[in-house]
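If you're matching them up, the sequences are chains Z and R in order.
Take the first sequence: its position 88, counting from 1, is numbered 88 in our numbering, and each next residue is one higher.
To convert a position in the second sequence, counted from 1, into our numbering, add 311.
Where hints are given, some of them may not hold.
In silico EDC-like pairs for lysine to aspartate or glutamate, Cα to Cα no more than 16 Å straight-line [said to hold, decoys possible]:
1. R:K476 - Z:D223
2. Z:K183 - Z:D307
3. Z:K183 - Z:E229
4. Z:K175 - Z:E116
5. Z:K207 - Z:D279
6. R:K476 - Z:E40
These are calculated hints, taken from the structure and not from any lab test.
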Amino acid sequence: MRKTCLNSVYDLARRDDRVIFIGSDLGVSTLDEFKNNIPERFFMEGISEQHIIGMAAGLAMEGNIPYVNTISVFLTRRCFEQIVLDLCLHNLNVRLIGNGGGLVYAPLGPTHLAVEDIAILRTIPNMTILAPADAKEIARLMELTIEHDGPVYIRLAKGGDHIVTPDDQEYKIGKSIRVREGKDILIITTGVTLQISLDAARSLASKGVEAGILHIHTIKPLDTKAIIERLAEVPALITVEEGTVIGGLGSSVAEIVAEADFGQPKKFKRIGVPDTFSDNFGSQKELMEGFGITAANVAQTALELIDVKSG
Amino acid sequence: MNGKNNSGLDERSLGLRRMIVKTLGSAGRGHLGPAFSIVEIITVLYDKVMKFKPGAPEWNGRDRFILSKGHGCAALYVMLADKGFFSCSELERFCKYDGLLGGHPEFNIPGVEASTGSLGHGLSIGIGMALNARLRRMDYNVYVLLGDGECGEGSIWEGAMSASKHGLENLVAIVDYNKSQAYGSTSEVLDLEPFADKWRGFGFGVVEVDGHDVGGLLSAFKNAPARKGKPTAVICHTVKGKGAPFTENNMEWHHKNKISDQDIDLLLKALEA
């Protein structure tokens, strides 16, 4: 996914001379082709993230469209104030590409786990947050970022994820994707947990439970209308995300559900990273299993919510 | 209290300070000391150095000025009003609910490039603008006015390394070195010395001037870049609260949220030529 994303930046830069790339201290030979062919618009600025956001802001104030890339946590945690003031207050066309969204850097420990990126960025006016599920989707969304007005955070997953996003739907920033229809329960998901949700839905189908899936590639602005429309059709819902359940997708949906008037209350569970730091390492998959962000747990939770005996 | 000891300041400097006093007086609050210490720096830039068009504040060929020490905004506001970027009547609505001018500069004010107030942001924004001039082959300069206390922020030195790496001749970092910050002297709170050596060490051409000497400032700005192929740092030795004897180096005047009518009268009297 990351490779596709950075290649997209290069493609955009070749077509549009407003596009600038700024990295911090990325792996050797990252975007060499960009650097060799458009050196004047390629910057590798070192481990100075706060400065990089300000510099990107200055470039954007002059009409450029900087794409800034580094590890998610250093962009979002360290630079929160620069993002709020330099980018969002001025509503600038800067794109932040965060590597390792969620639990990707599991073996590197909690300093590198981007679990609250969505939650904190969601509070900022003018911010747009994208969390694609696979390489095909990031390619589609990157095309849309060039003409988008205002700052955008693009949360990248590990890469090599199965292609699960459908080809037959319109991809628009702020528009959710109806991946699967189902009348018994709705699973709302973002990023790579779409894969998990699909596996869960298949498992549920084998038990006679029809689970719908709404994939949210844009967490902000959230497709509130579609969420309400879909929820009106089901008695229960589960949100699944690779991030904290406090303030993330689950919270966003909870806010909608709490304020909507469905007549009957919805049964609802959030699945994601709980309110704790991880003290485990291992792999992304292992951490997700540890937190219950698995197809098995989504399916089991669904069965409990709609009161169907499992097994 | 002798309110008439304002030796060394010409009528232009005194007049702008009187406008600052009236501006802060209309809100009964504000950062007076930090504004008084930069009046000459801003005056020289706007009267004699920078290119700009008040009727077209976003004119592409303008020189860019960023007041990174945003709390000194009253000095900038009176200059922008004086030049006609907006009406002088806006000064009377300083910090009012629906006023144009708040306690820190906002980018929607004509003539203000960037919203500042949280310290440590302006230099990097200025670097982005300076890089754009190179990229787009434009000949504007970028002036960023920093506070001395602000130079405690790590982001300033991240920016300094970057400006040097890129050899930004069109960037001038100006430091208001009044040796005071909110709690006390910079030497006690977080010592900056050897300050000029720090900027040199970070790759800047460095000039030190009396920040209230109009001629010295003009020469420093006109001769930038101080060193070929390098960004320039103009370290301005200033007096916080410069202009009235009872505000000079008086920490009580860093920020006041209750400026009385009597204070205003005393200040205006002290600022008479």
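For the pair supplied as a hint, K183 (chain Z) and E229 (chain Z), is the alpha-carbon distance within the 16 Å limit? Roughly 12 Å separates the two Cα atoms, so the pair holds.
Given pair status - E116 (chain Z), K175 (chain Z), alpha carbons within 16 Å: violated, 22 Å
Are the Cα positions of K476 (chain R) and E40 (chain Z) separated by 16 Å at most? holds, 14 Å
Between K207 (chain Z) and D279 (chain Z), is the straight-line Cα distance small enough, at 16 Å or below? Roughly 35 Å separates the two Cα atoms, so the pair is violated.
Are the Cα atoms of K476 (chain R) and D223 (chain Z) separated by 16 Å or less? violated, 44 Å
Please work out if K183 (chain Z) and D307 (chain Z) have their alpha carbons no farther apart than 16 Å. holds, 15 Å
Going through the hint list in order, the structure does not satisfy hints 1, 4 and 5.
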